[in-house]
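A.B. asks: The lines below spell out each chain.
2 protein chains.
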Amino acid sequence: MDQDRAGDPECPGLLPEPAVAELRLEAVLHALSDPTRLRIVAELAGVGGGELNCLAFELPVTKSTLTHHFRVLREAGLIRQHRRGTSKMNTLRAADLAARFPGLLDAVLAAAGSCFATPKSTTH
Amino acid sequence: MDQDRAGDPECPGLLPEPAVAELRLEAVLHALSDPTRLRIVAELAGVGGGELNCLAFELPVTKSTLTHHFRVLREAGLIRQHRRGTSKMNTLRAADLAARFPGLLDAVLAAAGSCFATPKSTTH
Numbered sequence: 000m001d002q003d004r005a006g007d008p009e010c011p012g013l014l015p016e017p018a019v020a021e022l023r024l025e026a027v028l029h030a031l032s033d034p035t036r037l038r039i040v041a042e043l044a045g046v047g048g049g050e051l052n053c054l055a056f057e058l059p060v061t062k063s064t065l066t067h068h069f070r071v072l073r074e075a076g077l078i079r080q081h082r083r084g085t086s087k088m089n090t091l092r093a094a095d096l097a098a099r100f101p102g103l104l105d106a107v108l109a110a111a112g113s114c115f116a117t118p119k120s121t122t123h
Numbered sequence: 000m001d002q003d004r005a006g007d008p009e010c011p012g013l014l015p016e017p018a019v020a021e022l023r024l025e026a027v028l029h030a031l032s033d034p035t036r037l038r039i040v041a042e043l044a045g046v047g048g049g050e051l052n053c054l055a056f057e058l059p060v061t062k063s064t065l066t067h068h069f070r071v072l073r074e075a076g077l078i079r080q081h082r083r084g085t086s087k088m089n090t091l092r093a094a095d096l097a098a099r100f101p102g103l104l105d106a107v108l109a110a111a112g113s114c115f116a117t118p119k120s121t122t123h
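The listed protein sequences correspond, in order, to chains Y and U. Numbering follows numbering that gives the first Met the number 0, with no gaps: position 20 of the first sequence is 19. Numbering follows numbering that gives the first Met the number 0, with no gaps: position 4 of the second sequence is 3.
Hints are computed from structural coordinates only; laboratory data are not their basis. Hints may contain errors.
Claimed, not checked - Over 10 Å on every C-beta distance to chain U, these chain Y residues come out as not near it, computed from the model:
(1) C10
(2) L13
(3) S32
(4) A44
(5) V46
(6) G48
(7) E50
(8) C53
(9) E74
(10) R79
(11) K87
(12) T90
(13) A93
To be verified - If you want a taste of the chain Y side facing chain U, the calculated C-beta under 7 Å gives, among others:
(14) E25
(15) H29
(16) L54
(17) A55
(18) L108
(19) A110
Said to hold, decoys possible - Which residues of chain U face chain Y? A partial, calculated answer using Cβ under 7 Å:
(20) L24
(21) E25
(22) L28
(23) H29
(24) L31
(25) P34
(26) T64
(27) F100
(28) G102
(29) L103
(30) A106
(31) A110
(32) C114
Virtual Cβ for every residue (Gly too), placed ideally from N, Cα, C.
Model the full structure from these sequences, guided by the hints.
C.D. replies: See below:
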């Protein structure tokens with residue numbers, strides 16, 4: 000099911016990801032149902048269409064757990080990952096998600112914003 | 000965390016459920032991340048604010064699995080359940096969800112509608 004464009008010369012270093020038409024609602028909702036993954040998505044949304052290095056996320060989990068979370072997000076189609084040297088760069092697939100499931104990501108991000116507002120200080 | 004109003008004379012037979020302020024985004028998204036539960040929610044949305052008996056759902060799962068799914072939905076705050084005699088009646092907590100997470104349920108239902116449109120005939 001993955002659209003593996005890793006060998007595409009136009010997308011060097013792109014890791015496998017589902018095409019827009021292959022995005023599954025259950026997988027997207029499952030990916031978003033974890034607080035760490037929700038926070039990653041919210042941080043990526045916070046930089047607009049920008050990309051963030053995996054190492055840029057200050058989250059209270061081990062590196063291997065974080066790698067797992069990024070993989071779940073990528074395989075569900077929420078984020079795009081490129082290898083750049085020894086780093087992985089991440090972008091939110093906001094336009095793809097809006098095309099497939101209109102309004103869903105915006106509603107989740109708005110809800111996450113109100114949820115994270117209070118307890119955020121406890122993670123620092 | 001549950002708001003147990005089971006003994007409330009104004010709500011006879013009401014099963015324990017979280018109050019609106021206690022609704023957790025991750026739990027709601029997790030509850031919605033299963034195709035059977037999504038279908039239950041979509042069917043309840045289809046009857047407006049109406050209630051449906053658990054037995055009214057024609058789903059390809061065992062009775063005990065269905066009971067589990069209803070419980071997950073109730074504990075996440077998506078549905079309200081009342082005992083009536085030997086039956087359990089279910090209603091969607093659409094207004095409560097809209098108050099806590101504006102736009103979320105509508106976006107999920109719209110997405111589910113487009114997903115279910117094609118494969119629905121395979122379940123009959």
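A.B. asks: Of the hints given before, which are not true for this structure?
C.D. replies: Result: hints 3, 16, 17, 18, 26 break, sorted rising.
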